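Protein chains: 2
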Amino acid sequence: MDGDHPLATTLVIGLRHTLRKMKNAGTHATGLQEAKYHIAFRPDAKMVTVPEGTLLSDAIAQAGIRFNLPCGGQGRCGRCKVVVEKGEVKRRGTSRLSTVELEQGYALACQTMVYDDLQVFIPPQEAILRRLPSEKAAAEIPTLPVECDWQSNPIVQKFFLTIEPPSLSDNTTDFERLQRELAKQYNIRNIVAGLPVLRKLARTLRESEKESQGWQVTAVLEMGSWLDEDAPPRLIDLRPGDHTGRTLAVAVDIGTTTNVVYLVDLASGKFIDSAAAYNAQISCGEDIISRILYARKEGGLEHLQRLVVGTINELLHELAERNRIDLSEIYAMTVAGNTTMIHLFLALDPSFIRLEPYIPTINHPPPVRAAELGIHICPEAPVDCLPSVGAYVGGDITAGVLSSGMFKTDTLTLFIDVGTNGEIVLGNADWLICCACSAGPAFEGAGVHSGMRATVGAIEEVWINAQTYEPTYQVIGNVPPRGICGSAMISLLAEMFITGIIDKSGRINRHLNTPRIRMGEHGPEYVVAWAKETRNQEEDIVLTEVDISNLIRAKGAIYAGFSVLTASVGIDLADVEQVLIGGAFGKYIDVEKAIQIGLLPDMPWERFKYLGNTSVLGAFTALLCRDMRREVVEIARKMTYLELSADNRFMEQFTSALFLPHTDMTAFPSVLRLLDQQGK
Amino acid sequence: MDGDHPLATTLVIGLRHTLRKMKNAGTHATGLQEAKYHIAFRPDAKMVTVPEGTLLSDAIAQAGIRFNLPCGGQGRCGRCKVVVEKGEVKRRGTSRLSTVELEQGYALACQTMVYDDLQVFIPPQEAILRRLPSEKAAAEIPTLPVECDWQSNPIVQKFFLTIEPPSLSDNTTDFERLQRELAKQYNIRNIVAGLPVLRKLARTLRESEKESQGWQVTAVLEMGSWLDEDAPPRLIDLRPGDHTGRTLAVAVDIGTTTNVVYLVDLASGKFIDSAAAYNAQISCGEDIISRILYARKEGGLEHLQRLVVGTINELLHELAERNRIDLSEIYAMTVAGNTTMIHLFLALDPSFIRLEPYIPTINHPPPVRAAELGIHICPEAPVDCLPSVGAYVGGDITAGVLSSGMFKTDTLTLFIDVGTNGEIVLGNADWLICCACSAGPAFEGAGVHSGMRATVGAIEEVWINAQTYEPTYQVIGNVPPRGICGSAMISLLAEMFITGIIDKSGRINRHLNTPRIRMGEHGPEYVVAWAKETRNQEEDIVLTEVDISNLIRAKGAIYAGFSVLTASVGIDLADVEQVLIGGAFGKYIDVEKAIQIGLLPDMPWERFKYLGNTSVLGAFTALLCRDMRREVVEIARKMTYLELSADNRFMEQFTSALFLPHTDMTAFPSVLRLLDQQGK
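Just so you know, the sequences run in chain order D and C.
Numbering-wise, the working numbering comes out as the position in the first sequence, counting from 1, plus 397.
Numbering-wise, the working numbering comes out as the position in the second sequence, counting from 1, plus 397.
Simulated from the structure, these hints should not be mistaken for laboratory data.
Keep in mind that this is a model prediction, so the values were computed, not measured.
It cannot be assumed that every hint is accurate.
[As the list claims (entries may be wrong)] Have a look at the derived ranges for each label pair, beta carbon to beta carbon:
hint : chain 1 : residue 1 : chain 2 : residue 2 : range
1    : C       : S1042     : D       : A768      : 38 to 48 Å
2    : C       : Q548      : D       : A768      : 30 to 40 Å
3    : C       : G450      : D       : E604      : 20 to 30 Å
4    : D       : D639      : C       : R693      : 23 to 33 Å
[What the hints assert, rightly or not] Some, not all, of what chain C presents toward chain D, calculated at C-beta under 8 Å:
hint : residue
5    : A599
6    : L624
7    : S1042
Using N, Cα and C, we set each Cβ at its ideal position, and we do this for glycine too.
Could you build all of it, start to finish, from the sequences and the hints given here?
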């Protein structure tokens, strides 16, 4: 009741008080309506009326106020704090709130229920950077590690046709006339079409008439689909004139954090441009589990679907503007993403991905039309999602295997993609086996006291002086630091271990003579940056023993994955001939430091190769030609999935890996040598 | 600007007058806005503001007033009369308006442009009966003349499945699990599904769980389509529990005038119920040409599409209520209709059907999903339109050929469907040839002074006393008459001819001694009913010499069609072994009378057979089994279309047929005998 008259409000409150009294007295008069309460928000000066028991976060959404729930409303992250200035509330949980904050009226919006008329102040939330700087991505022109013959076999092809207009003696329908000419001029038979193209067919043909030359049009055909290779070619657009010069298409990576779009010309096989932005779903949860929980809310799934489609559309508009193209000229889209992201993109119910035994609705969704999803390209353009292998090995990983070329090499290869989950694939041209290790979001900044994502203000690398224990660090954007991101956590952990600040088990040596080591609110901690060096100048940036323990668990889970995977096929980790590192985070991992903490196996550095964003590269590869699209389906089919939560060996290996670098030091000879040199 | 403040209105008028003056003086100041005018309507008390030159009919639409344009805005029918009470207008045409009417301010809304502020009175229009009495249709249980094996080969089939829920050791996705069970239990492989079903898959499976028995569901599969017989089966719905008892589907006839829906059970092959109503598009034009013209208006095509879908949805809701079923349980729809009706149903541009060389967009549209058209059945249900042969031989005719069984008989058969156009098919199991004769709308009541459609108040049959020339007539609904419908026109023409009131050329004998014959406003006429007998008691019901001439042209066109068709394959009309009469109008034609006027060829009555609504029967047949659906595609493919407007023989035969019954009396021996008996 936005904008209710004050008098009306007073009357309602009067009535409500009476009702409440009756309720409290145990009087249940039938027909009495559920109690409703008014909430006035500051500083936005909005007002809503909600039923008793409504969550404050839902009331904020109802008021149309932009508000992020980074953990999706689980009460875990503590980042949806508001101040209840007037009225009483019930709190489901107060974790993440200090006693002082509770006294000041702070509450977590996602854990607080309305049982009174309220006045609520919404403090500014930590801003989510709206857009990644895309210049960097655009500058890199990707090269494909695999060869594919895009010229003979593209997904979408254009054909220029000159057609004799109809007469009384040749009065075939427009569509059959087009079919006839495609057969005659290009030997393409039995094309089909959907309503959007048929609806404009008659006009387009007649508009295309050039004096005395008949109708001249470009037919855009989709040549079969992975679901049915022999499906008849489908007319997805018809344009007057000759447009065969280029055939635009896009490859998309839907990351949980970042979305990337590559603009491609299928006619030349060339990359044209790219754009990247944060997935707008972040406002409803930063990790997969938070989003799955958010999707369970009324209308939550549809909201998440609209958000990610909105992000993709924004990137498309950006590319269209920069390259002066018309979006309706984009005729195909391939999408790579983890299983949950693909479910949310298609608005498929993701609930059972989260719950044991972790079941997705489908691994390889059918191709859909762009219009069906609200994507702003040619309405009939096919949108193909790359196949998943299971709940936690998604299309981003099959894309990685495709673009890495490991599916066609004899070299025994380990492919890894480290993020919230570490996905690992082992194999070669003959066989592929994979698993997912739940590393947790530590490397992405969550569960680490001063953790943050790798954006401007994040410390991305740290070095520690072995004598003074004083750190030197590098900050993204060269600004005063705000926190520590994943790559810095790896180097910090390695440096602290090598310099003896922490021991094998991750415990801080409190006997060292440095003010950097101290007892903090959460136990022992190491100060990376003093408050006065930071942007806010309020709080020291630290790494606590609790953080270190979380990080060791994360790296331990991934290393245990390597061990179980190799053991399951009866080989030794040392037999691995190359390690390919994919994923957006991958390229920031310092191999030397990662080996020192036991995140990566100890082998010669030249065996490691960074591949960059293998997810979008895989989508790009599958977009370029039908053979590669068939190949990725085959890759998904032949990848054996090892469910670690059902594997006893995993727990054993995980426990052994909860040390720096590992219980079995013989597996890390280079680290052993280094420690010897350091005399530690 | 409904509801503008009066003062604002005055100001605008003041400004407008100034602008008009400037314009009149030849002053073209750049940036000056186009003049706008206010129109006040009575009796609805609505007001709109429109730019100069707007058609009054568009202004009425803008005001949201319900208003019919029976001829689609061509100025032909004269039934969109309004009275301009204040202000000046420009008239594009005044046909159909008498001098008196013009003096009184009458104008045709579709031919009158706004050049002033106006006050317009809209008199009540002739009501369009909203709904046909459907009891009659429902009472008739149709029987199919052709046998088809619906049990082995239906379009949509249901399968009951018991499925073991997933576990960590068997964690296949929901969709693949369903696929696996369909393969195991029913040997059905590689099913596919669209997003609407995938979106509810996970929930439905888990809701279906019965204690200790696992998941129990009914999968509804579409088994291939005519476009691709080998297409993988498509999952169009999934329901918890066993629903295999029946599989509901609907067959639809989209007539220009009437829409009919049959509710069918595919599991038993049984007809359940039917409903019929006028096509709501009638308000935008009564005949095909009027609708095509209406479709050219801005948004006109989409409006026509919504109207017919609205009518079908109303009929579906009526059937659902009466039979206590859930509309989402209806899993398939077949549609028969003429080429224009199918174009409008799918919102395909019909413009070029009207213009020489008469080119439809497509003869056999691809199957679409119900949701794509806004039909209120299962969203994924396939909606299949039966194939056309050309612009004027549509899916209603191929449906007729299918349901008549003529495509599988050795008997030389003539199939006719008489309406605005007479469509004629000649042939047998070996060959089929067809044509369309533009009979004009005379038999449907248009172009005949006292003509009307066959609804309550229409004279449907007439007998004339050969001595007194006094008529006896029968009225639909046994009420005082309002006009004459098609069947009565045939019997009236025959009776007038046999009794000598008119001669061979259709001229009225003004020397007979009866007050029924007289000179009217439009020339000689015969009075069928005196004003005092009629419902309005205002005007005599008559048949004029002009009407007779129109009717002779209509019957002449159809007979010429028979002649050209038989001649083109080198046979004689007398060789035809049976004449099958289809179409809604067909069943009201009196064969004896139709032969007497030369509408039907003179052959023994037992060779004629009425088939009723062959269009909906054909849709029903094609719905029941895949073999019949394939058959109707084959029928359309093998029907040779003869374009009469490109055939010289047609004009010749038409001229010969402009007599009663024909120039060549030897072709009508029974009529010759009758005339001899009558001594005329």
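Here's how the hints hold up against the structure:
1. S1042/C with A768/D: 38 to 48 Å: holds, 39 Å
2. Q548/C with A768/D: 30 to 40 Å: For Q548/C and A768/D the Cβ distance comes to about 38 Å; the hint holds.
3. G450/C with E604/D: 20 to 30 Å: holds, 26 Å
4. D639/D with R693/C: 23 to 33 Å: holds, 29 Å
5. A599: holds, 4 Å
6. L624: holds, 6 Å
7. S1042: It holds, given that the least Cβ distance between S1042/C and chain D is near 7 Å, below 8 Å.
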